[in-house]
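Peer 1: Single-letter residue listing:
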Amino acid sequence: MQGTLDMLILRVLQKDSLHGWGISQRIHLLSEDMLKVEEGSLYPALYRMERKGHIRAKWGISELNRKAKFYEVTAAGKKHYESERKNWIQLARATALVLGHTFS
Amino acid sequence: MAFIKDLLNRLAYLFKGSRLDDEMKDEIQHHIDFQKNKNIAAGMSEKEARLAALRRFGNVERIKEECRESWGTRAFENCIRDSRLAFRSLIQRQTSTLVSLVTLALGIGVVTAAFSVANAILLKPLPYEDPDKLVMVWNTNPNEGRTLEQQSKGARSMSVQEFVDWRDKSDVFERLAVFQSWFGFVESDENPEQFFGYRVSAGFFDLVGVQPFLGRGFVEEEQVRGGPAAIILQYDFWRKRFNSDPSVVGTTMQLRAGPTRIVGVMPPEFVFSSRQIKALFPFPFTEADLNRSRELRYLRVVGRIEPGLSSEQAQARANVFADHMAEEYPQSNAGWKPVLVPVAENSAGELMPAMKVLLGAVFCVLLIMCANIANLLLVQASSRKQDLAVRSALGASRWAIVRGMLAESLILSSAGAVLGLAVAYGLVAYFQTLLPDRYSWGTSLVQAEAVGVDATVIAFAAAAGIGSGLFFGLLPALQVTGKSFAQSLNDVSRGALGNRRGQRTRNSLVIVEVALSVVMVFGAGLLVRSFLTLNAQGSGIYSDDVLSMQVGMPRHIVDQIEAETATKTEIDERRVAARLSFETALASEIRRIPGVKDVTVASERLMTGWYFLWEVEAEGRTAASETETTEVIRSRVQPNYFDLIGIPLLRGRAFTEYDRPNTRPVAVINRQAALSLFGSDDVVGKRFRLKSRPGRDPSSWYEIIGVCGDIREDGLHMPAKPYVYFSKKQTEFYGSGWYYVATEGDPYRLTPAIERAVRAAAPGTIIYRPRSLDDLERDSTWQLNYATLLLGGLALLALFLATLGVYSVLAVSVRERTREIGLRMALGAQRDWVLGLFLKQGVSLVGRGVLIGGALALVFAQVLGSLLYGVGPFDIPTLAGVGLTLVAAGAFASVLPVLRASRVEPMQALRNE
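Taken in order, these protein sequences are the chains called A and B.
So the first sequence is numbered by my numbering: it starts at 1 and just counts up by one.
So the second sequence is numbered by my numbering: it starts at 1 and just counts up by one.
Chain A with its partners taken away, still in its complex shape (with noise of 0.2 Å):
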């Protein structure tokens, strides 16, 4: 799901700036392998957050020691963020409430 990914990469670029790869290793780890992306299609996310203005990209030099696009979130995107986040609880809360599951 589109939104999903836009959540987890703006989750993931909460604390530090990171470039593609990076935030790819991060998903996997947070998510515990849970989601099978294909991880190309990370690229497609990050550039139309970047132009919804939800993120930025700084040119830095990556651990391969080439020039790499360092992704960070904005203050929109931090907004955005939160809103979308609530709202993925509230779901989440309700769809475990029919599911008959708590929630803790």
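Accuracy of the hints is not assured; some may be wrong.
As the list claims (entries may be wrong) - In silico DSSO-like pairs for lysine-lysine, Cα to Cα no more than 27 Å straight-line: (1) A:LYS67 to B:LYS25; (2) B:LYS5 to A:LYS52; (3) A:LYS67 to B:LYS47; (4) B:LYS5 to A:LYS78; (5) B:LYS64 to A:LYS52; (6) B:LYS5 to A:LYS58; (7) A:LYS58 to A:LYS79; (8) B:LYS5 to A:LYS86.
FYI, nobody ran anything at the bench for these hints, they're computed from the structure.
Predicted model, so just to flag it, every value in this text is computed and none were measured.
Since the structure of chain A is already known, use the hints to place chain B on it.
Peer 2: Here is chain B on its own, set in the frame of chain A:
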């Protein structure tokens, strides 16, 4: 905000273009290399590590494509590609592009110009604050036989005392002011000028809600008789006479009336009642004014309705107040009723119906134009069908193909709109030259003179362009890419009977075109017939090449008399004598100019609809006609007047040099006056006099020595007015002299020479408003002329477009059916049959259009009612003529295609694949 930022980012990406693409590829490579390194570290071989990394990444090419999508520049890129393709294809099809462009430029041009007229007259708000609340207040009395129309000619409206009552005691108006026409005369040797202005009473500027943009309005002491003389200039006058010099405000202007201080300049958009108004003067009431009879109704009144009152409520309250006034002053006010006319209506009144028709016609022509181009594009589209089908087969979506075709038509229509706007500019400039030089008494001229290409008009042209582009582009695009699209690959190569569905669409478009043009040509036909009737009937003046103008008597003559003489009667006598000798001298001076045949001087100007009415009574018939009064126009003329102007003498004689102050008072009256006074035109020898007016005795009895022909003074379309003529020598009093100069050939050619002669004879004076009698006659029906020209032009365009439409449909039909014709001829069909086939098609198209259009025309022609003269809106002969014209045009349009069809060689046609 977010949306705009998004859009800006997209545009930025568009310009970064290929660099962005390279960066993206780099970034993906970087990712894969990272993964590969990680895999190698985990113990894979170089090759294994790379493949695993790629697998993990997914379909690289597809992801690259998705990335490009995500920049959001696709729409723009498509747009650019579509327009590039469209340009190429338009240039390729030179002929049809050119035809469409010319049609569009003409169509949008004419339509925009016509719209600019309707815009100025119907839509543009008047240049006042809250103009809907402003009303003209007319006073009518059915018993006096006055119609509102006569009232609005400015004959009479309110007396000073009535005005004061309305202003101070009624509860209808927030403010009320009067205005009156007034002349200004700049005395100057190098640049004398006479101009028309209004005197306006206190509070006028607050009433209209417009203040001078330089200087100030009139102050209280200027609104008192004997106070400092002041003038406020209209913007145009200021610009022309003072070169827009702001420092003239506060300086003094030398007017004939005395030195006058310029206190302000009105803003450029301000116009009140007439654009001829060059300046405003204060309008002080004196004690004498206030004590004048309540029946001297000569003020024109404008008011602002109390806030919160609707115009109906205001009218109702005004009626109640008028009843009160009638009770209080039964003698002067019984029967008088106020009529409140919104200023906007008052000014557009006469042209209102014509403008509504014009707006309708504008949209008709737009529709016809669109239908025509749609047809042309349909034809093209059907011949491009194969090409489009191939594109579709190669994977172009229907939307992509429609988009491509729309791009073409939008480019066409935008170019057409730009060219059309240029055409409109030219036409509007031309319209301006058609306007009459006429005092307009608060009628539509004000707005007609405001006709111009402004933002609304440009917006209209743009909307017309884009709207028509969408309309004529979408129709063929959807039609061609319709259901049967996939089959068309086969269709074309098999070349069966023409495409029936396309044919049907095109036919209905043409029928609509023909129907609409029938409506328009019918409307224009009625107007043209009215125009011809009026001009055939004429005004009653039978002369060519007469120039009319006014020349005032130089001030110094009057000053000298006043300085030398003591008593008022003596001054008057000497002034009259001075005037007569000045006129005689000037006339003989002008007569000496080569090319001048003769000169005559009269007290009144002809054919301007501007006159004062005098009540007259016939001797011996006074008692019988107490209730009905005869009102006449009075003119003092010289003996050669009737000859020179060309007014036929029906009975008796004209004046001679011997009709002088000390001889028997004589008069020549026109037939209308004779009938109205005596019920017969055999009246030579009978007598009449001017009735007494409040505060004035009746005149002496005048013996009628001749009866002359009538003149339609109010305009060719109005009934003739009763006229009485006195001998200038016998009855001369104050008054301005109108000179009529009969010339050889174009009268205006002599204007400079006459001007020189006048200046030489009387330094410091000028000739005012020189205008030929022919022009004055033409101007008297300018509303009809204007409407005829506009609608006529639009109708001709419609006719032309409809003919073109019929032609193109038939031409295509012939082309599509060439093989069929060949086949039929091969099987034995005669050429006559082929000819008949297409002629029948053409005639049936036009015939159906004419039938529908004829019915519509009869419904819509009623709107023209008030503009027509001597012909009704249900005029069947005109309608029949229009129908025949259309059928003839249709037949003409069919000639070429039909001939082409009949020349088809069967063998060639069949091989022709």
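Peer 1: Next step is simple, just say for each hint if it's right about the structure.
Peer 2: Here's how the hints hold up against the structure:
1. A:LYS67 to B:LYS25: holds, 13 Å
2. B:LYS5 to A:LYS52: Holds, at about 8 Å.
3. A:LYS67 to B:LYS47: holds, 24 Å
4. B:LYS5 to A:LYS78: Holds: LYS5 (chain B) and LYS78 (chain A) sit about 17 Å apart, inside 27 Å.
5. B:LYS64 to A:LYS52: holds, 19 Å
6. B:LYS5 to A:LYS58: holds, 19 Å
7. A:LYS58 to A:LYS79: Holds, at about 20 Å.
8. B:LYS5 to A:LYS86: Roughly 25 Å separates the two Cα atoms, so the pair holds.
Of the hints listed earlier, there is not a single one the structure fails to meet.
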